[in-house]
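**Student:** For the record, in the sequence shown the residue sitting at position 77 is 57 according to the numbering used here, with numbers rising by one throughout.
Just so you know, these hints were derived from the structure itself, not from any lab.
Some clues are possibly wrong.
List time: in silico SDA-like cross-link candidates among lysine to any residue, alpha-carbon distance up to 25 Å [as the list claims (entries may be wrong)]: (1) 49 <-> -19; (2) 27 <-> 61; (3) 49 <-> 11; (4) 27 <-> 67; (5) 27 <-> 80; (6) 52 <-> 84; (7) 67 <-> 51; (8) 27 <-> 52; (9) 49 <-> -5; (10) 49 <-> 80; (11) 67 <-> -19; (12) 49 <-> 9; (13) 49 <-> -10; (14) 59 <-> 69; (15) 27 <-> -19; (16) 49 <-> 7; (17) 52 <-> 64.
Per label pair, the in silico range of CB-to-CB distance [unchecked claim]: (18) 63 <-> 15: 49 to 57 Å; (19) 5 <-> -18: 17 to 25 Å; (20) 53 <-> 32: 18 to 26 Å; (21) 49 <-> 15: 23 to 31 Å; (22) -19 <-> 71: 19 to 27 Å; (23) 37 <-> -2: 50 to 58 Å.
Yeah, the Cβ is synthetic: ideal placement off N, Cα and C, and Gly gets one too.
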Amino acid sequence: MYAIISDRSRQITVREGDVIQCDHQDNLEPGQTITFDNVLLVSNEGKVTIGTPQVDGASVTGEVIGATKGPKIVVFRFKRRKNVRVKRGHRQNFVSVRVTGINA
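All chains, full assembly: derive it from the sequences and hints.
**Tutor:** Here you go:
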């Protein structure tokens, strides 16, 4: 059984027991339960239910593991012959969530 959920700006395929990276939220503590109500697709033993745009009555629950950071991204701006060189880095904050159940 798997589901496709929408977490803010991303769509994620999840199965029970998977660990996913969600956008950082300040109000989440480790051990807390989180529910994703925006379920776009549910597949249960070959029976696929596609939402329009969401599946009615479906939800995905998970347990918050903790906060993590993504890989470092280097942003380099350069203009030739103008002596303009700017190097910046960025690391996105994420929350690790273990999927505990898919309710369809």
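**Student:** So, against the hints stated earlier in the document, which numbers end up violated here?
**Tutor:** Those not satisfied are hints 1, 2, 4, 6, 8, 11, 20, 22 and 23.
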